[in-house]
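Colleague: With chain A held as given, fit chain B onto it using these hints.
Read off the chains here:
There are 2 protein chains.
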Amino acid sequence: MAGPLRIGVAGLGTVGVGALRLLTEHADLLAKRCGRRLEVVAVSARDRSRERGVDIGAVAWHDDALGLAADPGVDVVVELIGGSQGIALELCKAAIANGKHLVTANKAMLAHHGTALAMAAEEAGVALGYEAAVAGGIPIVKALREGLAGNAISRVYGILNGTCNHILGAMRESGLDFAGALEEAQRLGYAEADPSLDIDGVDSAHKLAILASLAFGRPVDFEAVHIEGIRHIGALDIEYALELGYHIKLLGIAGLTERGLEQRVHPCMVSVDVPIAHVDGVFNAVVVEGDYIERTMFGGRGAGAGPTASAVIGDLADIARGQILPVFGIPVRELEAIPAAAMARHVGAYYIRLMVVDRPGVITDVTAALRDEQVSVEALIQRGRNPGDVVPVVLTTHETEEAAMLRALAQIARLKTVLEPPRMIRIELL
Amino acid sequence: MAGPLRIGVAGLGTVGVGALRLLTEHADLLAKRCGRRLEVVAVSARDRSRERGVDIGAVAWHDDALGLAADPGVDVVVELIGGSQGIALELCKAAIANGKHLVTANKAMLAHHGTALAMAAEEAGVALGYEAAVAGGIPIVKALREGLAGNAISRVYGILNGTCNHILGAMRESGLDFAGALEEAQRLGYAEADPSLDIDGVDSAHKLAILASLAFGRPVDFEAVHIEGIRHIGALDIEYALELGYHIKLLGIAGLTERGLEQRVHPCMVSVDVPIAHVDGVFNAVVVEGDYIERTMFGGRGAGAGPTASAVIGDLADIARGQILPVFGIPVRELEAIPAAAMARHVGAYYIRLMVVDRPGVITDVTAALRDEQVSVEALIQRGRNPGDVVPVVLTTHETEEAAMLRALAQIARLKTVLEPPRMIRIELL
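Which chain is which? The protein sequence lines are A and B, in order. Per the working numbering, the first sequence starts with residue 63, numbered consecutively. Per the working numbering, the second sequence starts with residue 63, numbered consecutively.
This is chain A alone, in the form it adopts within the complex (with noise of 0.2 Å):
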């Protein structure tokens, strides 16, 4: 049996602990998978004396992160700190510089540094981890790297952010509103105390630029990901969703289409007949479309210590056994970029909820404002009546380009019988 692979861990949070306990309980399993022990050999994190579950007694411990890149006695670096730059963006520059393979679960980092680090891995001949960083259940990166490599990808997208898809589900099935919703996931701890980075979508963002590098050869280009989040989504537009057969669910999805790459996040309406529907609660999913497979889906937990773990210990394990590949799938300076599509030339179905006052003429004011930018109506609900006072129109469309639908709804909001600004969720054809 080779010698053991030699492991240093920074940051012991949840995830890092997760990672320490996965290595110690199946330390005999992975040997017996990698040929080769895995071993932690130092540690890092901002407190050595918290009690935190585990014994970190025999391991060498670092106050400074930047020392496990140093330590000689490490093969290689677990990131687990966070935060798109500072103290984890030098520890994982520095690992690298001094020959070490990483292993990251930062998403973050590798959205606004990723080619980068890439660059820098690969000339230095080692490995960089990233399974941990997208869907962490679910091995998305190695079946897009590694078991789909037959297949020229046409699109990925997936439910990215299970806190998201927590609230949404917690809307349908409670009928709760999104604060509502939203407080009762930070109880439960699936949301953070400040949820921004989840609710406005940027993580899935974060997620969704890395997917796209691996999927379609190209420099992670978070920038040019379109993003809007779920606080506008209305306990109504849950409600008519289910009437209209959708689910609604905040998707990643990047396409190549003949407009160019798009890549967006923002929520959509669904179809129920579709599995990605119901994968509900804190899972994700990934569904990725080639031209041989045409359809594979992924599902699984997406956090968390337990899901984050065994991402991390089956990258530890790939660079345990050898296998050391280019990071995302081809060598980064073969990465081509490609023209991003505009968001407003994405055409797509449109699901549109007005607020407006029960007056005769105001459907025919709404309908003309979507004639004139040759918006085609599908579906026109206007339930209940209360002549004089505010009711919901819901209308759902063709599919139209989103300039058009744009300019269509600056006109609706125009109207004086419309009284709060247009929503507007986009229906995906899956």
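Simulated from the structure, these hints should not be mistaken for lab results. This list has only true hints and no planted wrong ones.
If you only want the chain A side, here are some residues facing chain B, beta carbon under 7 Å, derived:
| no. | residue |
| --- | --- |
| 1 | Lys94 |
| 2 | Gly199 |
| 3 | Ile200 |
| 4 | Pro201 |
| 5 | Lys204 |
| 6 | Asn213 |
| 7 | Tyr354 |
| 8 | Glu356 |
| 9 | Arg363 |
| 10 | Gly391 |
| 11 | Ile392 |
Over 12 Å on every C-beta distance to chain A, these chain B residues come out as not near it, computed from the model:
| no. | residue |
| --- | --- |
| 12 | His124 |
| 13 | Ala159 |
| 14 | His174 |
| 15 | Glu246 |
| 16 | Pro257 |
| 17 | Leu298 |
| 18 | Glu320 |
| 19 | Ile400 |
| 20 | Met405 |
| 21 | Met417 |
| 22 | Gly423 |
| 23 | Glu440 |
| 24 | Pro484 |
| 25 | Ile489 |
Here are the simulated distance ranges between beta carbons:
| no. | chain 1 | residue 1 | chain 2 | residue 2 | range |
| --- | --- | --- | --- | --- | --- |
| 26 | A | Glu87 | B | Glu113 | 56 to 64 Å |
| 27 | A | Ser258 | B | Arg293 | 50 to 58 Å |
| 28 | B | Arg407 | A | Val334 | 33 to 41 Å |
| 29 | A | Ala178 | B | Arg407 | 56 to 64 Å |
| 30 | A | Val334 | B | Arg114 | 35 to 43 Å |
| 31 | A | His294 | B | Pro449 | 54 to 62 Å |
| 32 | A | Gly242 | B | Asp335 | 17 to 25 Å |
| 33 | A | Pro449 | B | Gln248 | 54 to 62 Å |
| 34 | A | Ile443 | B | Ser333 | 25 to 33 Å |
Think of the CB as a built atom: it goes at the ideal place given N, C-alpha and C, for glycine as much as any other residue.
Modeller: Coordinates of chain B only, in the frame set by chain A:
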């Protein structure tokens, strides 16, 4: 760039031609992804002159597939002939004996000879790739062997046969009976002229036995798989399933229980609330339950030229990149047999449908038989009245041991008022 990987393909049916087409169409993409070219240098099939839509003029032709195993210009043999023994098995043995890597889509052969072939391959230091043997479009072998290597697996289950899934779906959607749905599937090319391998569950069992070896680190034990097909599923059962909130799916399930390892293939009632219930048509899905991931699901096309070719090329890419791992994730000599759990000791909930004479006292007799075996009734549906005539009665039970259930059913079958053999379908809590 390293020299090309030289490939010999045996069997030029749909899948073989699909693989050749992929290797041609994506030759440059694959070279980028693998760091070397994947070149088909030799083929073998029955009829050289047949028109296949791919150009094989430039490659060596072998009338005898065994010639590929002897061809010094071939690095890897791709076996796409099929059949659990005969020429396919001979070819695989010869290829390995001659130090060539092997890629196969042959689940029947692996179910019966997988352990022996793996032993030979590992002794010869060559790869044995079989991603195409299980759920083609889903890289589940790689996921189990690599991506999820950090987990102790407790259960793996799934929809492993697209033909059965299509038939059950067609019955649900169009109200067809089994014979009608089978005929339709045959007309659409989703079922073979002799469909028994599919509809009797044998094909699913082949795949399950392979998955169980990978998941649990044990030799392949096809004989231990309990197998039931879908012939006995009636249109009435599909209807009642919907009423009770279930879809009927043919699942293969391998799981560790207190009683040993269960490996079983049979129709299951699956709650409409779980994603796998919505995996329809010819799609496959596999769910892996492990201690760190909790649950991860993979869905995609299981068969057909494209997905199977994708899987074959995934294996070839691994070989081209030098990624050669133990066939079942740990060295075959370290696989350990796990005692098989007897099906009679299976514990689960059951759906029972009886065709009874509509007459006072029938229900009492039926429930008495259940009571005698301590089977607890969860629900009972006796829809419609038709005094003196034959009506269906449907029961669901709480968890019970299968042996008790079968004894109760035998007693029920003996009742004069029960006119057909009772139909039993297991309710699966997923």
